[in-house]
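Student: Here's the letter readout for the chains.
Number of protein chains: 2
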Amino acid sequence: NEDGGCFLKPGGDVLASLKTLEILSESAEEKKIIVHGQLEGNDAVVVLEKNPFSKDTLEELFTSSTLKFDMENNIYSSYSLQVPLHLNEIKTTVIYPATEEHLKKYRSHQSFLVEETGDDYQSITLPYIQSRTFSIQWVYNILEKKAEAERIVYEDPDPKVGFTLLPDLKWDQKRVVNLYLIAIVHQRGIKSLRDLTEEHLPLLQNILKKGKEAIRTHYQLPASKLRIYLHYQPSYYHLHVHFTNLKYRAPGCGLERAHFLSDVIQNLQSDGQYYKTRTLSFQLHEGNGLLCKFKEAGRLEFR
Amino acid sequence: NEDGGCFLKPGGDVLASLKTLEILSESAEEKKIIVHGQLEGNDAVVVLEKNPFSKDTLEELFTSSTLKFDMENNIYSSYSLQVPLHLNEIKTTVIYPATEEHLKKYRSHQSFLVEETGDDYQSITLPYIQSRTFSIQWVYNILEKKAEAERIVYEDPDPKVGFTLLPDLKWDQKRVVNLYLIAIVHQRGIKSLRDLTEEHLPLLQNILKKGKEAIRTHYQLPASKLRIYLHYQPSYYHLHVHFTNLKYRAPGCGLERAHFLSDVIQNLQSDGQYYKTRTLSFQLHEGNGLLCKFKEAGRLEFR
Numbered sequence: 309n310e311d312g313g314c315f316l317k318p319g320g321d322v323l324a325s326l327k328t329l330e331i332l333s334e335s336a337e338e339k340k341i342i343v344h345g346q347l348e349g350n351d352a353v354v355v356l357e358k359n360p361f362s363k364d365t366l367e368e369l370f371t372s373s374t375l376k377f378d379m380e381n382n383i384y385s386s387y388s389l390q391v392p393l394h395l396n397e398i399k400t401t402v403i404y405p406a407t408e409e410h411l412k413k414y415r416s417h418q419s420f421l422v423e424e425t426g427d428d429y430q431s432i433t434l435p436y437i438q439s440r441t442f443s444i445q446w447v448y449n450i451l452e453k454k455a456e457a458e459r460i461v462y463e464d465p466d467p468k469v470g471f472t473l474l475p476d477l478k479w480d481q482k483r484v485v486n487l488y489l490i491a492i493v494h495q496r497g498i499k500s501l502r503d504l505t506e507e508h509l510p511l512l513q514n515i516l517k518k519g520k521e522a523i524r525t526h527y528q529l530p531a532s533k534l535r536i537y538l539h540y541q542p543s544y545y546h547l548h549v550h551f552t553n554l555k556y557r558a559p560g561c562g563l564e565r566a567h568f569l570s571d572v573i574q575n576l577q578s579d580g581q582y583y584k585t586r587t588l589s590f591q592l593h594e595g596n597g598l599l600c601k602f603k604e605a606g607r608l609e610f611r
Numbered sequence: 309n310e311d312g313g314c315f316l317k318p319g320g321d322v323l324a325s326l327k328t329l330e331i332l333s334e335s336a337e338e339k340k341i342i343v344h345g346q347l348e349g350n351d352a353v354v355v356l357e358k359n360p361f362s363k364d365t366l367e368e369l370f371t372s373s374t375l376k377f378d379m380e381n382n383i384y385s386s387y388s389l390q391v392p393l394h395l396n397e398i399k400t401t402v403i404y405p406a407t408e409e410h411l412k413k414y415r416s417h418q419s420f421l422v423e424e425t426g427d428d429y430q431s432i433t434l435p436y437i438q439s440r441t442f443s444i445q446w447v448y449n450i451l452e453k454k455a456e457a458e459r460i461v462y463e464d465p466d467p468k469v470g471f472t473l474l475p476d477l478k479w480d481q482k483r484v485v486n487l488y489l490i491a492i493v494h495q496r497g498i499k500s501l502r503d504l505t506e507e508h509l510p511l512l513q514n515i516l517k518k519g520k521e522a523i524r525t526h527y528q529l530p531a532s533k534l535r536i537y538l539h540y541q542p543s544y545y546h547l548h549v550h551f552t553n554l555k556y557r558a559p560g561c562g563l564e565r566a567h568f569l570s571d572v573i574q575n576l577q578s579d580g581q582y583y584k585t586r587t588l589s590f591q592l593h594e595g596n597g598l599l600c601k602f603k604e605a606g607r608l609e610f611r
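From first to last, the protein sequence lines are chains A and B. If you count by this note's numbering, then the first sequence holds residues 309 to 611, one letter each, in order. If you count by this note's numbering, then the second sequence holds residues 309 to 611, one letter each, in order.
Honestly, the hints are just simulated from the structure, not real lab data. Remember, predicted model here, so these are calculated numbers, not experimental data. Worth double-checking, as some hints may not be accurate.
Claimed, not checked - In silico DSBU-like pairs for lysine-lysine, Cα to Cα no more than 35 Å straight-line: (1) K584(B) / K499(B); (2) K482(A) / K340(B); (3) K518(A) / K478(B).
Claimed, not checked - Restraint ranges, calculated between C-beta atoms of paired labels, are given here: (4) Y544(A) / E409(B): 45 to 53 Å; (5) I331(A) / K478(B): 38 to 46 Å; (6) M379(B) / P392(A): 20 to 28 Å; (7) T407(B) / D364(A): 39 to 47 Å; (8) Y544(A) / I331(B): 29 to 37 Å; (9) T425(B) / T365(A): 41 to 49 Å; (10) I460(A) / T328(B): 54 to 62 Å; (11) E380(B) / Q528(A): 28 to 36 Å; (12) C600(A) / G595(B): 35 to 43 Å; (13) S333(B) / P405(A): 25 to 33 Å; (14) S543(A) / E380(B): 43 to 51 Å; (15) I331(B) / E380(A): 21 to 29 Å; (16) G560(B) / A336(A): 18 to 26 Å; (17) T365(A) / I498(B): 44 to 52 Å.
No residue lacks a Cβ here, since even glycine has one placed at the ideal position from N, Cα and C.
In isolation and in its complexed conformation, chain A is listed as follows:
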């Protein structure tokens, strides 16, 4: 059809046949809800998030919506606004079939700050990561252009310092205000921050420089309006870098998870073993397998 999407009905009518089992989490602030359901007997996770407003369609929204009066007090009045369907869509992501791991990941729980020493990484975290069978085939699909090839914003194909830059799934690509891109490195085997040493400086500097340039070219957003960072722990163990609009308070940009790429570079420049030796603090949620391992090892400060 006109805007390139195809309307799914029966067969593709995924949500109508969904049997809702549980709300995994919800955020009134972000207008988001995550549901655990079943489709044909298999688990599914459905993430619903309302889209941000777009300046470009504001005029149409004002002229073609219906106001329902709510209350009035002096100069203040409030209403409910009913808006044409195409101006008020909801971003929907379906994970299907979903595993117990996915359910755990999306279920909201108590959270704890883990302080992982270099030794903890070797004795607790690394064995945990290696025991996991969380597939990163989807990452290789992207790098090999077997999937999402049309979404690639920029690519440096160099096997050593190259990377593929593409929109994060959380971004609808419509508004620069919540710009969210991911640079995935071509080099395989770099699991996370912990694997980085001075030998990776050319790779990191290349991502910083060319990522900034590509975003300036494609989205007219200068480097001074970007937040460029790595996650630790990451959600998958193949090195990638996050680029978000500084204005957008993206999930996972808190100090308990995010590390500026520029800081990582500086730290490695002055100490190539920085990320092998430092204690790194990060937040884990109840039910997370790694958190259990830290608990078992008596490494969680509950006092």
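Fit chain B to the given chain A structure using the hints.
Tutor: Here is chain B on its own, set in the frame of chain A:
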């Protein structure tokens, strides 16, 4: 009508006749936009915010909406969902007539990431701080118990390593879920992170240890549920440390402003000059005096 609202049309058709002048602010995260417009020649402020999801209508939403396919990769697929009008209303608040004060209040400024080298600190930031006459008498009043004495949660009176711990003004002290305390050091003359060297390690370690203990005693919150950090730039230049509930996404806990106290301690342990020599990145808003100084010095990466 049935649901108690009355539908406004001409006369009450406020938005259709609104002449949009300016977007005062917008939040992609909160799905909110604030518009400055005119109605019959007078200023108006219109606040639009999408409503959170309601569990009660989720079933109806799933069965009566239309899915538009967006993309698919492995177990992940994404869609745009078009939802019946009454399930997807937008909360609208109109301030009319609005004064210049209202416009100021709602206008958000652009923000930029400043990368301050050690030299920039000496040549731009330090002279700027010293030229300010922003009084910190209120801090001395707290330390000397001339003000807020009844709010003190814990005090170590030692002049060298001591501090006063009290609730931040942003915390209502009612719910531990958004706990927010500040430790203000007794020692004067330590302006910020930039002034810290290895000689301050006993002070920082004392705050970390005794602050954790005091919070555990008073609020039954263990250290693993706390986020303990410094701001750079801080909002006042007398050293203080933030203690917030890890669960609470406090303002200023993003990586563009917050530094874990435990990281500061580690960095100083391995390099006493760490915070004198590093490039530190932080966010400043348009109109901020320090941002102007960085612009004048040609130190803001606009490219």
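Student: If a hint holds in the structure, say so; if it does not, say that too.
Tutor: Checked hints:
Of the pairs offered as hints, the one joining K584(B) and K499(B) holds, with about 13 Å between alpha carbons and a cut-off of 35 Å not exceeded. Using a Cα cut-off of 35 Å, the hinted pair K482(A) and K340(B) holds, with the two alpha carbons roughly 15 Å apart. About 41 Å separates the Cα atoms of K518(A) and K478(B), which puts this hinted pair outside 35 Å; it is violated. Separated by about 49 Å at the C-beta atoms, Y544(A) and E409(B) satisfy the suggested range of 45 to 53 Å.
Between I331(A) and K478(B) the Cβ separation comes to about 29 Å, which falls outside the hinted range of 38 to 46 Å. For M379(B) and P392(A), the hinted distance range of 20 to 28 Å is satisfied, since their beta carbons lie about 24 Å from each other. T407(B) and D364(A) have their C-beta atoms about 29 Å apart, which leaves the hinted 39 to 47 Å range violated. Against the hinted window of 29 to 37 Å, the Cβ-Cβ separation of Y544(A) and I331(B) comes to about 36 Å, which satisfies the hint.
Against the hinted window of 41 to 49 Å, the Cβ-Cβ separation of T425(B) and T365(A) comes to about 43 Å, which satisfies the hint. Between I460(A) and T328(B), the C-beta spacing of about 35 Å breaks the proposed range 54 to 62 Å. For E380(B) paired with Q528(A), a C-beta distance near 30 Å keeps the hint of 28 to 36 Å intact. With their beta carbons about 48 Å apart, C600(A) and G595(B) fall outside the hinted range of 35 to 43 Å.
For the hinted restraint 25 to 33 Å between S333(B) and P405(A), the CB-CB distance of approximately 41 Å leaves it violated. For S543(A) paired with E380(B), a C-beta distance near 19 Å fails the hint of 43 to 51 Å. About 25 Å separates the C-beta atoms of I331(B) and E380(A), a value consistent with the hinted range of 21 to 29 Å. The beta-carbon spacing between G560(B) and A336(A), approximately 21 Å, falls within the hinted interval of 18 to 26 Å.
Against the hinted window of 44 to 52 Å, the Cβ-Cβ separation of T365(A) and I498(B) comes to about 51 Å, which satisfies the hint.
Hints 3, 5, 7, 10, 12, 13 and 14 from the list above are not met by this structure, while the remaining hints are.
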